[in-house]
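S.K.: What follows is each chain in one-letter form.
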Amino acid sequence: MLEIEIDGKKLTVPSGSTVMDAANSIGVHIPHFCYHKKLSIAANCRMCLVQVEKAPKPLPACATPVTDGMKVFTHSDQAVTAQKGVMEFLLINHPLDCPICDQGGECQLQDLAVGYGQSGSRYQEEKRVVANKDLGPLISTDMTRCIHCSRCVRFTEEIAGYQELGMANRGEFTEVLPFIGKTVNSEISGNVIDLCPVGALTSKPFRYSARTWELSRRKSVSPHDGLGANLVVQVKNHKVMRVLPLENEAINECWLADRDRFSYEALNSEERITKPMIKQGGVWQEADWQTALEFVANGLKGVIAEHGRDAVAAVATPHSTVEELFLLRKLMSGLGVDAVETRLRAADFSLKTAGATWLGQSIADLAASDAVLVIGSTLRKEQPLLAQRLRQSVKKGMQLAVINPHGDDLLTAKAAELVVRPDQLVEGVVQVLRALAEVKGIALQPNIENGSGDIPAEARAVAAVLAGKEKAAVLLGNIAQQHPRYAEIYAAAAAIAEATGAKLGVMSEAANSVGAQLVGAETGGDVFAKPRQAYFMLNAEAEFDVQNGAQALAAVQKAKLVVALSSFSSCALEHADVILPVSPFSETSGTFVNMEGRAQSFNGVVRPLGETRPAWKVLRVLGNVLGFAGFDYTTSEEIRDEALAGEIGPRLSNALAAPVAVKAQAASGLVRLGEVSIYQADMLSRRAPSLQKTADAAVAAQLRANAATLAKLGLAAGDRARAEQAGGVAELAVAVDAGLADDVIRVSANHPLTRALAGHVAAITVAKA
Amino acid sequence: MLSQESLAQIDRELAKYPADQRRSAIMGALRIAQTEKRYLTNELIEFVAGYVRIPPVAAYEVATFYNMYDRKPVGKYKLTVCTNLPCALSGGYSTAEYLKQKLGIGFGETTADGKYTLAEGECMGACGYAPVMLVNNHSMCSHMTPEAIEKKLAELE
Numbered sequence: 001m002l003e004i005e006i007d008g009k010k011l012t013v014p015s016g017s018t019v020m021d022a023a024n025s026i027g028v029h030i031p032h033f034c035y036h037k038k039l040s041i042a043a044n045c046r047m048c049l050v051q052v053e054k055a056p057k058p059l060p061a062c063a064t065p066v067t068d069g070m071k072v073f074t075h076s077d078q079a080v081t082a083q084k085g086v087m088e089f090l091l092i093n094h095p096l097d098c099p100i101c102d103q104g105g106e107c108q109l110q111d112l113a114v115g116y117g118q119s120g121s122r123y124q125e126e127k128r129v130v131a132n133k134d135l136g137p138l139i140s141t142d143m144t145r146c147i148h149c150s151r152c153v154r155f156t157e158e159i160a161g162y163q164e165l166g167m168a169n170r171g172e173f174t175e176v177l178p179f180i181g182k183t184v185n186s187e188i189s190g191n192v193i194d195l196c197p198v199g200a201l202t203s204k205p206f207r208y209s210a211r212t213w214e215l216s217r218r219k220s221v222s223p224h225d226g227l228g229a230n231l232v233v234q235v236k237n238h239k240v241m242r243v244l245p246l247e248n249e250a251i252n253e254c255w256l257a258d259r260d261r262f263s264y265e266a267l268n269s270e271e272r273i274t275k276p277m278i279k280q281g282g283v284w285q286e287a288d289w290q291t292a293l294e295f296v297a298n299g300l301k302g303v304i305a306e307h308g309r310d311a312v313a314a315v316a317t318p319h320s321t322v323e324e325l326f327l328l329r330k331l332m333s334g335l336g337v338d339a340v341e342t343r344l345r346a347a348d349f350s351l352k353t354a355g356a357t358w359l360g361q362s363i364a365d366l367a368a369s370d371a372v373l374v375i376g377s378t379l380r381k382e383q384p385l386l387a388q389r390l391r392q393s394v395k396k397g398m399q400l401a402v403i404n405p406h407g408d409d410l411l412t413a414k415a416a417e418l419v420v421r422p423d424q425l426v427e428g429v430v431q432v433l434r435a436l437a438e439v440k441g442i443a444l445q446p447n448i449e450n451g452s453g454d455i456p457a458e459a460r461a462v463a464a465v466l467a468g469k470e471k472a473a474v475l476l477g478n479i480a481q482q483h484p485r486y487a488e489i490y491a492a493a494a495a496i497a498e499a500t501g502a503k504l505g506v507m508s509e510a511a512n513s514v515g516a517q518l519v520g521a522e523t524g525g526d527v528f529a530k531p532r533q534a535y536f537m538l539n540a541e542a543e544f545d546v547q548n549g550a551q552a553l554a555a556v557q558k559a560k561l562v563v564a565l566s567s568f569s570s571c572a573l574e575h576a577d578v579i580l581p582v583s584p585f586s587e588t589s590g591t592f593v594n595m596e597g598r599a600q601s602f603n604g605v606v607r608p609l610g611e612t613r614p615a616w617k618v619l620r621v622l623g624n625v626l627g628f629a630g631f632d633y634t635t636s637e638e639i640r641d642e643a644l645a646g647e648i649g650p651r652l653s654n655a656l657a658a659p660v661a662v663k664a665q666a667a668s669g670l671v672r673l674g675e676v677s678i679y680q681a682d683m684l685s686r687r688a689p690s691l692q693k694t695a696d697a698a699v700a701a702q703l704r705a706n707a708a709t710l711a712k713l714g715l716a717a718g719d720r721a722r723a724e725q726a727g728g729v730a731e732l733a734v735a736v737d738a739g740l741a742d743d744v745i746r747v748s749a750n751h752p753l754t755r756a757l758a759g760h761v762a763a764i765t766v767a768k769a
Numbered sequence: 770m771l772s773q774e775s776l777a778q779i780d781r782e783l784a785k786y787p788a789d790q791r792r793s794a795i796m797g798a799l800r801i802a803q804t805e806k807r808y809l810t811n812e813l814i815e816f817v818a819g820y821v822r823i824p825p826v827a828a829y830e831v832a833t834f835y836n837m838y839d840r841k842p843v844g845k846y847k848l849t850v851c852t853n854l855p856c857a858l859s860g861g862y863s864t865a866e867y868l869k870q871k872l873g874i875g876f877g878e879t880t881a882d883g884k885y886t887l888a889e890g891e892c893m894g895a896c897g898y899a900p901v902m903l904v905n906n907h908s909m910c911s912h913m914t915p916e917a918i919e920k921k922l923a924e925l926e
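Taken in order, these protein sequences are the chains called F and H. For the first sequence, the residue numbers in this note's numbering are 1 to 769. For the second sequence, the residue numbers in this note's numbering are 770 to 926.
Think of the hints as simulated: they come from the structure by calculation, not from any bench. Be aware that one or more of the hints could be misleading.
Computed cross-link-like contacts, EDC-like style, restricted to lysine to aspartate or glutamate with a CA-CA straight-line distance of at most 16 Å [claimed, not checked]:
no.	chain 1	residue 1	chain 2	residue 2
1	F	Lys395	H	Glu815
2	F	Lys182	H	Glu812
3	F	Lys71	F	Glu53
4	H	Lys884	H	Glu916
5	H	Lys845	H	Glu805
6	F	Lys84	F	Glu53
7	F	Lys414	H	Asp789
8	F	Lys469	F	Asp370
9	H	Lys869	H	Asp839
10	F	Lys396	H	Asp789
11	F	Lys37	F	Asp77
12	F	Lys712	F	Asp743
13	F	Lys182	H	Glu924
14	F	Lys204	F	Asp134
15	F	Lys127	F	Glu53
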């Protein structure tokens with residue numbers, strides 16, 4: 001500990017602290033631009049100059065380590081003169097176009113210029129002009145405003161993991177730019193908008209649409225991945241104008257993924273449906289709520305009376321809130337219907353665990369692991385911010401190993417990597433288990449078949465990463481969870497965790513995957529395999545939210561009654577019989593339980609659009625119309641308290657309820673690797689125009705394979721290929737993906753171009769189109 | 770994109786640094802690439818970055834920061850005359866002026882026959898030999914009086 005005096009106040013700080021840290025700890029504000037607590041120290045803006053006793057000249061607070069007995073003056077004449085001097089230089093080339101600048105009102109340069117700037121400028125010469133850059137569909141540039149703090153450059157390199165921006169040229173000609181012809185394609189790129197202390201980088205979708213002081217700030221929770229990032233939703237005239245991060249060190253720190261930040265565009269989409277609609281005689285007609293609800297109630301009762309209660313299934317995406325899913329389940333049990341399913345993207349429903357599957361620990365604990373093994377995950381696209389956290393942990397010495405059906409770059413060092421065919425994921429995990437058993441001299445569990453053949457060196461390397469680590473974790477990603485042999489993968493992963501003392505964790509696919517399990521909304525299994533007479537669909541779109549979308553669509557089209565509770569018309573209009581317009585997350589109160597088992601409740605940030613109503617209210621009234629008891633809730637909090645009664649912790653468990661037989665299978669021939677691309681995962685991101693223009697969205701429209709496989713098929717990059725699966729056909733552009741195993745065809749799933757295809761991991765045929 | 774010899778030289782540069790700090794070799798790698806190809810195109814910068822395994826923009830930062838990297842075609846002989854203070858006091862400007870007259874080009878220009886490019890340089894750390902001139906970034910010529918220039922140009926013919 002070191003003693004320091006700042007502006008006459010004495011304090012002690014840990015050694016290694018900077019003057020900036022020390023000042024922050026006692027709430028003394030030192031003006032700064034380039035300093036950011038999550039980024040490395042650059043000390044290039046010079047705004048934080050302070051006076052230090054016995055130092056011959058002012059020192060930058062952000063880069064000056066505290067020494068014992070140091071006396072710092074942050075507001076002395078010398079300090080303020082230095083700060084004012086720096087400000088004068090910063091403003092020399094700044095255009096001062098605040099009236100037309102989107103940053104106006106939330107600009108650090110503007111704010112500090114009030115405190116340290118002068119009313120006029122002594123600079124008479126011509127100011128410099130810098131050409132704008134194309135950074136992609138999300139970030140708008142006005143590079144003349146740039147003050148070269150380099151926060152964005154450091155962000156792409158240190159946080160996003162790949163330096164996409166750089167500082168080119170020198171002196172007066174310095175400019176921030178991406179490499180010629182490239183854009184910024186990171187899945188967390190939007191954070192540079194928040195980081196930019198001036199208006200050089202602003203939000204493209206939000207541009208020129210509102211002023212910061214016109215917006216009210218309302219807290220919410222991201223409805224996308226299982227992390228549950230905290231949001232500040234900014235609202236003007238009952239319309240969501242933009243989304244910013246709400247800092248929560250335990251979850252999203254101060255970041256947001258682009259999906260969390262820009263999916264709001266869908267909330268104001270033309271496709272929003274605002275009135276209940278009923279299809280009569282093949283023609284859609286608007287109806288009032290009472291008529292529509294009675295239609296639904298009578299329809300469901302009719303189907304049950306005629307075909308029995310097993311003829312009805314309710315499906316919902318795990319992006320629905322706890323309250324919605326709880327009421328859905330309650331409504332269905334009132335009708336006597338058992339089948340309520342949220343695992344729509346699963347192919348294997350046989351896994352039984354002692355409680356709700358979850359991360360197995362808190363996100364912060366996971367980040368403090370010594371070693372992490374990720375199995376079956378496109379981690380950066382499935383959980384962008386968790387990937388970011390693990391990247392920071394790797395820098396601090398964590399070892400990261402992966403078993404994956406692809407070799408995607410995690411933009412961080414992988415200590416070991418085993419790439420397998422997607423249909424050999426189980427075998428890959430078992431190989432690592434065998435390697436571990438050899439190292440540790442233990443026998444495999446009797447239910448796990450040993451398998452034969454040599455253990456590849458890569459599997460041994462993965463085992464070596466986990467062996468002997470104090471704090472290790474084994475994580476299962478979306479590819480594993482959506483795999484047709486999920487239970488086997490899970491059992492083998494659990495055995496690895498047991499053998500190494502690691503914690504087993506499941507990275508939740510969606511914002512409320514854990515909540516869905518807690519309310520028991522996982523009783524249906526594959527409800528589309530055997531078509532039902534009636535489907536009750538909450539926030540779910542058959543061809544986009546179900547693994548085998550083609551099969552689901554066919555089942556839905558054949559059904560007598562399809563009730564769609566949806567915010568959007570497009571898919572529902574095609575095959576529903578009645579549409580009840582329900583609120584997206586921004587217009588309803590609710591609760592999501594994230595992957596670490598944390599229940600986060602939020603309120604609606606705007607009022608429901610048109611006649612849209614929160615789904616929990618619709619389900620409640622539907623319960624009343626059907627005459628069920630126990631549907632008298634007046635607030636969503638009452639439902640939550642009933643749904644999540646008691647502590648959540650004890651109800652989470654990744655322990656297997658019964659041993660799963662793991663049997664090695666041989667595989668050959670072409671196999672599909674189908675993962676749901678980042679911006680197709682849920683209703684909102686699918687309809688966010690800016691996200692659909694990103695490089696990630698473009699990649700999802702390609703058919704990818706390694707060069708050898710393409711050569712075998714007579715294909716080359718840039719060709720068009722015809723992929724066929726179970727009678728469904730997709731025509732796609734071909735691209736090379738060197739990270740894939742031989743005979744693997746990577747075609748993203750639940751995509752408009754590929755929705756006719758069947759299973760994510762299944763045989764596929766490919767020919768030149 | 771580069772010859773085996775150049776790649777072997779870049780490998781030598783890479784071997785000078787720890788395996789996790791390959792980016793340290795980028796300056797040497799760009800210099801080697803420029804020596805072979807005369808100047809650095811964006812494609813060449815991207816290639817070198819790929820070889821050193823750093824993002825292309827990180828190599829671009831380096832290539833645009835140092836003025837001894839040429840990003841536009843230069844003549845067969847690039848003559849860089851120092852005009853910093855010690856050289857200027859010892860006749861650096863007249864050296865430059867003499868060359869301008871002789872070659873009929875200004876700073877940053879190339880003769881029509883593509884033989885000479887004239888560039889203004891910063892201190893080369895040889896003020897005792899002022900005025901100094903650099904030929905093709907690698908060979909230093911000292912005491913560049915008009916006679917010395919004539920002699921040097923004759924050598925370069």
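S.K.: Confirm or reject each hint.
M.R.: These are the hints, each one checked on the structure:
For the hint linking F/Lys395 to H/Glu815, the alpha-carbon distance of about 26 Å lies beyond 16 Å, and the restraint is violated. Annotation: proposed proximity of F/Lys182 to H/Glu812 holds, straight-line Cα distance about 13 Å (limit 16 Å). Restraint check for F/Lys71 and F/Glu53: the C-alpha separation of about 5 Å stays at or below 16 Å, so the hint holds. Restraint check: the Cα-Cα separation between H/Lys884 and H/Glu916 comes to about 20 Å, which exceeds 16 Å; the hinted pair is violated.
Proposed proximity of H/Lys845 and H/Glu805 is supported: the alpha carbons are some 12 Å apart, at most 16 Å. For the hint linking F/Lys84 to F/Glu53, the alpha-carbon distance of about 20 Å lies beyond 16 Å, and the restraint is violated. Restraint check: the Cα-Cα separation between F/Lys414 and H/Asp789 comes to about 13 Å, which is no more than 16 Å; the hinted pair holds. Under the criterion of a C-alpha separation no larger than 16 Å, the hint pairing F/Lys469 with F/Asp370 is consistent with the structure, at around 6 Å.
Between H/Lys869 and H/Asp839, the direct Cα distance comes to roughly 20 Å. Violation of the 16 Å bound is thereby established for this hinted pair. Our distance criterion of 16 Å between C-alpha atoms is met by F/Lys396 and H/Asp789, whose separation comes to about 15 Å. With a CA separation close to 27 Å, the supplied pair F/Lys37 and F/Asp77 exceeds the 16 Å bound. At most 16 Å may separate the alpha-carbon atoms for a hinted pair to count; F/Lys712 and F/Asp743 meet this at roughly 9 Å.
With a CA separation close to 44 Å, the supplied pair F/Lys182 and H/Glu924 exceeds the 16 Å bound. A hinted pair counts as satisfied when its Cα atoms are at most 16 Å apart, and F/Lys204 with F/Asp134 qualifies at roughly 11 Å. For the given pair, F/Lys127 sits about 37 Å from F/Glu53 by alpha-carbon distance, which is inconsistent with the 16 Å threshold.
Violated hints, in rising order: 1, 4, 6, 9, 11, 13, 15; the structure is consistent with all others.
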